[in-house]
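Residues per chain are reported as follows:
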Amino acid sequence: VFPKFKLTRGYLILALLAVGLPAAIGASFVFQGHGEPAMAGGPIKMRRLSEAQYRQSVADIFGEDIKVVGRFEPEARRDGLLAVGDSQIGVSPAGFEQYYAMARDISAQIVDPTHRDRLLPCAPHAVDTRDDGCAQAVFQKFALPLFRRPPSEARMKELVSIAGRAAEAHKDFYAGLQFALVGMLASPDFIFRVDVTEPVPGEPGKLRLDGYSQAMRISYLLVNSSPDAELLAAAARGDLATRRGRAKQIDRLLASPKAEAGIRAFFSDFLGFDEFEHLEKDGAVYPAFNQKVARDAKEQTLRTVVDLLLTRHEDYRDLFTTHDTFMTRRLGMIYGVPVESRSGWEPFHFAEGDPRAGLLAQISFTALHSHPGRSSPTIRGKAIRELLLCQIVPPPPNNVNFAVVQDTSNPNFKTARERLTAHRTEATCAGCHRIVDPPGLALESFDGAGQFRTEENGATIDAGGELNGRKFNDAIGLGQALHDDPASVSCLVNSLYRYAAGRTVGVGGKDWIGWLNQGFADDGYRIPDLMRRIAMSEAFYAIPAPTGQIAAFAGIPESTPSHEAQK
Amino acid sequence: VGKISKYRVEAGRGALAAIIALTAAGIAGPYCSASAASEPAAAPSAGINRGYVVTYFQTAHSFSLTKDEEGCPDGYTPGLAEVTLDSLPAGRLKDHLAKSQPDRIAWAVRAANPERCRTPWNFERPPVREVHSKVAFGMNLDGVTAEDDPGGDTTCAHKKFVSPAGGMVDNQFYRAFGCTHAYNVNHDYSGNLVEDQHHGARKDGEMTILIDVRGAPNSEDVEVGFYSSEDPTPFNNQGKPMQKASLSISDNPRYRAVTHGKLVGTVLTTDPVDLHFYFNWVHAHDDSEEYFIRAARLRMELRPDGTAKGSLGGYWDVDKAFFTIFGHAFPYTPLEEASFGYTCPAAYAGLRKYADGFKNPKTGQCDGISTVFDIEATQAFVIHPKDQDRRAAVTAGAPSSAR
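Protein sequence lines, in the order shown, are assigned to chains H and F.
The numbers in the first sequence follow our numbering, run straight up by one, and end at 572.
The numbers in the second sequence follow our numbering, run straight up by one, and end at 406.
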């Protein structure tokens with residue numbers, strides 16, 4: 006059914022273009038004409054804002070000087086990404102208390118004397134009582150960016166009423182405002198990104214995401230924050246229903262400085278940087294490593310990513326081989342390199358012949374994927390397999406004996422390779438270790454803090470290994486193997502889609518993900534282009550055909566042509 | 004006899020000569036990139052290029068070489084509390100204070116005039132009790148090999164010590180203060196003023212000294228730079244020095260000096276050079292509080308593990324030494340005088356009395372006192388500012404791969 010359907014629509018577009026009716030091109034028509042295979046839509050979602058998204062949204066709406074102080078409920082990693090987990094988790098009662106406390110604190114800052122003149126659009130006639138007109142103006146200013154869609158008239162009335170009653174009770178206009186603002190900030194409409202559908206004009210029985218929901222998807226993918234005023238205005242005008250209107254907004258955001266936040270957010274999630282929250286090193290073993298080093302290590306990689314992939318717009322695969330990065334003095338002590346700047350960052354180039362290049366030789370990888378007091382080829386190999394190649398490594402059996410691996414002082418097994426070789430003699434362990442150890446052992450030239458070494462316990466380290474049939478002698482070779490491995494590219498593509506959509510690519514999405522992979526290759530493996538491709542795709546906004554209660558709610562008969570088509 | 008070796012400081016003419024010399028030797032070229040850093044001590048073969056940060060720098064301890072009763076047969080120089088007690092008339096107060104050290108210190112602090120540490124020469128000077136032992140660590144700074152050094156045009160007469168390694172050495176600072184509570188680490192007073200406060204200050208980031216060593220491949224001739232740094236000396240949270248830190252040299256040329264040296268095997272020695280080391284002491288009120296060591300020379304072993312250890316000897320400027328060690332805490336100095344066990348007038352008088360170098364032709368007095376410091380260091384990247392022509396030209400461009 007599908008190919009025929011697609012073909013028909015493609016011809017229809019050509020016909021429309023031919024007769025000069027571009028304005029008539031609707032969203033539901035155009036996408037199939039751009040070579041994009043169809044993919045079944047994902048469920049309508051409520052996705053909880055990540056901590057970074059919450060913070061960035063508050064900063065964008067109220068200003069950078071409004072402090073967000075509080076503990077966020079932990080996020081959950083699902084299918085390899087927190088972004089997928091965010092669409093599967095809710096808020097616990099204890100978590101809501103935290104959101105409420107943060108909302109109170111933020112609201113207090115908004116109305117305090119140091120911020121109110123800048124943030125509020127009006128001053129009350131009298132500060133000791135209600136002023137519904139001014140309150141209404143305040144909520145009109147903030148409700149749209151906070152809820153990412155215009156509030157209903159009833160909601161506005163309710164907010165004004167709450168603020169008025171609280172102002173009278175406290176004899177303080179600003180206390181009243183604060184009261185209502187707390188409600189807005191603690192509302193699910195702010196804490197969650199809520200999808201809303203609307204009927205497709207001219208196609209009875211069909212639903213689509215409304216413009217504001219589309220704006221949210223675009224904005225959180227590209228800039229990791231709430232839609233800005235221009236994007237919301239485009240949504241209000243219905244611009245996002247057209248390919249041209251959508252492209253204008255996507256290109257604008259990708260060209261803006263805010264795009265850096267989008268790239269950073271994705272790679273933080275993709276590389277599992279939430280684990281930095283729990284990173285500890287034994288100070289007796291690695292005295293130069295501390296929390297500030299850890300913070301710099303994470304930032305170093307994100308700066309490398311932004312510089313290479315966004316600023317220089319280069320090939321994603323070069324991330325595994327690049328000699329360029331950024332350095333602080335704290336990091337310089339671990340890398341053993343001179344850093345000129347007394348404070349802050351400076352560009353750094355690892356010379357040809359240096360044992361370090363690429364993402365895998367950075368502290369954010371070598372130290373993050375190690376034990377507190379020693380390196381771990383197994384943990385590093387597992388991270389390469391799972392994070393960068395999207396492969397699944399099963400957990401070790403419950404009864405496994407780690408004694409040989411953990412005893413680094415055993416004179417018979419001086420290096421990790423020797424210890425793991427002994428460990429692999431146990432049949433229950435051999436299977437997995439054969440998969441994870443070879444790439445992990447290539448990073449043994451870096452200790453548990455990421456410091457370069459050539460020996461362990463006086464024995465020379467052999468950093469040779471193999472990955473998916475590609476052999477290498479060291480970390481540089483491993484980086485090149487990942488650079489050349491199609492699996493690392495397809496993993497990135499798959500992960501970025503999952504990150505964007507908050508769900509995995511389903512069984513029916515094989516063609517679509519293949520199309521995306523091909524597009525990525527055609528674009529020279531440029532990440533911003535891949536983000537654009539996803540944001541421009543139909544699949545990104547696709548929702549399932551209405552069934553059951555949803556269909557009934559929307560007044561749609563269950564059996565519709567589109568429903569049939571997507572089966 | 005008694006002539007102090009020539010020394011040179013970093014200066015325009017000397018700098019130009021050095022650049023020409025190094026360029027002629029064919030080693031300046033690789034260092035001409037814009038940024039600057041010394042490699043850590045485990046240097047590759049492409050020339051000598053090593054950087055160090057000093058992790059320990061204290062006047063050498065000779066106390067363990069001699070028994071107390073031999074070194075200080077006259078006893079210890081009285082501290083402020085004892086001097087104050089002696090000045091009291093016999094009676095109940097004197098009896099009470101003689102029994103209670105805390106009360107004695109409190110009374111002495113209350114009674115003392117803080118000015119005594121700002122202008123110590125204006126106050127009564129009870130003499131310091133000198134060290135009588137013959138053996139001490141030191142360096143032969145003036146070349147005289149007799150025990151009784153008669154002095155000369157630039158030096159003053161003094162007695163030499165015998166080095167534990169043999170030979171006559173100078174260390175008049177030890178002669179003057181080896182029997183002073185504030186200096187002797189073995190004495191059970193409030194602790195050793197120099198050791199506790201100055202090494203503590205270094206750990207607090209108030210005094211950082213950098214050294215770099217550069218030279219052509221396979222040459223024993225090297226150039227050695229001494230610098231203050233405003234960056235804290237890198238210690239970990241267990242107080243242990245850390246390696247491979249990048250530390251910038253001071254922007255102030257006063258705190259930079261370069262001299263010629265020899266690196267034979269692992270042992271580095273240098274020609275004499277005047278050294279100013281910035282000391283960001285909490286009570287600093289002018290530039291009095293800095294180390295100013297004239298005609299300083301270094302002897303240090305550069306170890307394969309990246310550490311270095313040795314001695315630095317020279318003539319410590321008397322006024323600077325006084326204000327750096329004894330008078331630095333003004334106006335709170337009486338508390339230190341009493342609790343650490345010294346008096347400012349005696350300390351100043353002692354420095355003047357035992358000074359043996361840099362004779363002032365006008366006064367005929369010596370302005371420098373021979374002193375030997377124990378020094379320890381660990382490898383670091385010594386960063387030179389880009390706009391510092393000579394040192395940047397000489398030390399720039401350590402390859403990042405070198406470690």
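It should be emphasised that the hints constitute simulated quantities derived from the structure, not laboratory data.
Among these hints, one or two may not hold up.
[To be verified] Capping the alpha-carbon separation at 27 Å, the derived lysine-lysine pairs in DSS-like fashion look like this:
id, chain 1, residue 1, chain 2, residue 2
1, H, Lys297, F, Lys206
2, H, Lys297, H, Lys263
3, H, Lys297, F, Lys243
4, F, Lys206, F, Lys312
5, H, Lys253, H, Lys72
6, H, Lys72, H, Lys211
[As the list claims (entries may be wrong)] Have a look at the derived ranges for each label pair, beta carbon to beta carbon:
id, chain 1, residue 1, chain 2, residue 2, range
7, F, Asn255, H, Asn295, 29 to 35 Å
8, F, Asn116, H, Asp117, 52 to 58 Å
9, F, Asn240, H, Arg170, 53 to 59 Å
10, H, Gly358, F, Val165, 42 to 48 Å
Ideal Cβ positions, reconstructed from N, Cα and C, are used throughout, including at glycine.
Here is what the structure says about each hint:
no. : hint                             : result
1   : Lys297/H to Lys206/F             : 19 Å, holds
2   : Lys297/H to Lys263/H             : 25 Å, holds
3   : Lys297/H to Lys243/F             : 18 Å, holds
4   : Lys206/F to Lys312/F             : 18 Å, holds
5   : Lys253/H to Lys72/H              : 33 Å, violated
6   : Lys72/H to Lys211/H              : 44 Å, violated
7   : Asn255/F to Asn295/H: 29 to 35 Å : 30 Å, holds
8   : Asn116/F to Asp117/H: 52 to 58 Å : 53 Å, holds
9   : Asn240/F to Arg170/H: 53 to 59 Å : 55 Å, holds
10  : Gly358/H to Val165/F: 42 to 48 Å : 53 Å, violated
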